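Trainee: All chains should be modelled from the sequences, with the hints used to inform the complete structure.
The UniProt record's numbering puts the first residue of the sequence shown at 1, with every later residue one more than the last.
No lab work stands behind these hints: they were computed from the structure. Hints should not be assumed to be uniformly reliable.
List time: in silico DSSO-like cross-link candidates among lysine-lysine, alpha-carbon distance up to 30 Å [stated by the list, open to error]:
| id | residue 1 | residue 2 |
| --- | --- | --- |
| 1 | K58 | K110 |
| 2 | K110 | K82 |
| 3 | K43 | K94 |
| 4 | K43 | K29 |
| 5 | K29 | K94 |
| 6 | K110 | K55 |
| 7 | K110 | K84 |
| 8 | K29 | K58 |
| 9 | K82 | K29 |
| 10 | K58 | K43 |
| 11 | K82 | K94 |
| 12 | K43 | K110 |
| 13 | K58 | K84 |
| 14 | K84 | K29 |
| 15 | K110 | K29 |
| 16 | K82 | K43 |
Taking CB as the label site, the calculated pair distances span [unchecked claim]:
| id | residue 1 | residue 2 | range |
| --- | --- | --- | --- |
| 17 | K94 | S20 | 22 to 30 Å |
| 18 | E53 | M1 | 33 to 41 Å |
| 19 | D2 | V63 | 32 to 40 Å |
From a predicted model like this one, the values you see are computed outputs, not experimental measurements. No residue lacks a Cβ here, since even glycine has one placed at the ideal position from N, Cα and C.
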Amino acid sequence: MDEYLILMRLDLITKDAQPSPEQMQVYMKMYQDWVGGIAAQNKFVGGTGLSTEGKVIKSGQIVTDGPFAETKESIAGFITIKAKNFEEAADIAKGCPILNGPGNSVEVRKIVGVDNTR
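Mentor: Here it is as structure tokens:
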């Protein structure tokens, strides 16, 4: 099996888009159940959430506040899974509760070594 990265994107900036503490408890339970289901199949490798703070370093040593670009959408976290192929990885990603939020998305990328870019 290959490893795949599932990036979770959502609006971390707009105040109205942020869940209440009660909603957050419900969302975290859904997320934990989803990850638990992946782990029960021995397909969970790891993952974590990400801070809203960050810096972006561009060529020329230019440092800007980040990780946000011109969009409200940012990477909130990621998990790494094992799957037979892209289709299976995408099927697993389709169950991500992040997708219940309007405008939220997940991205699936195959993890490759430096000498293997495909």
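Trainee: Given the hinted pair K110 and K82, is their alpha-carbon gap at most 30 Å?
Mentor: holds (10 Å)
Trainee: With a cut-off of 30 Å on the C-alpha distance, tell me whether K110 and K84 pass.
Mentor: The hint holds at about 11 Å.
Trainee: Are K110 and K55 close enough, with their CA atoms no more than 30 Å apart?
Mentor: Distance of about 25 Å is within 30 Å: holds.
Trainee: Taken at face value, is the distance from the CA of K94 to the CA of K82 at most 30 Å?
Mentor: Judged against 30 Å, a Cα distance of about 15 Å means the pair holds.
Trainee: K82 and K43: Cα distance at most 30 Å?
Mentor: Judged against 30 Å, a Cα distance of about 5 Å means the pair holds.
Trainee: Mind checking the alpha carbons of K43 and K110 for me, to see if they're no more than 30 Å apart?
Mentor: holds (14 Å)
Trainee: K58 and K84 were given as a pair; does the straight-line alpha-carbon distance stay at or below 30 Å?
Mentor: With a Cα-Cα distance of about 36 Å, the restraint between K58 and K84 is violated, given a limit of 30 Å.
Trainee: When you take the CB atoms of K94 and S20, is the distance between them in 22 to 30 Å?
Mentor: Holds: the Cβ-Cβ distance is about 26 Å, inside 22 to 30 Å.
Trainee: Hint check: K29 vs K58, CA-CA at most 30 Å. Holds or violated?
Mentor: violated (37 Å)
Trainee: Quickly compare the C-alpha distance for K82 and K29 to 30 Å and report which way the hint goes.
Mentor: holds (22 Å)
Trainee: Are K43 and K29 close enough, with their CA atoms no more than 30 Å apart?
Mentor: holds (19 Å)
Trainee: Check whether the Cα positions of K29 and K94 lie no farther apart than 30 Å.
Mentor: holds (17 Å)
Hint compliance for this structure: hints 8, 10 and 13 are not met, and every other hint is.
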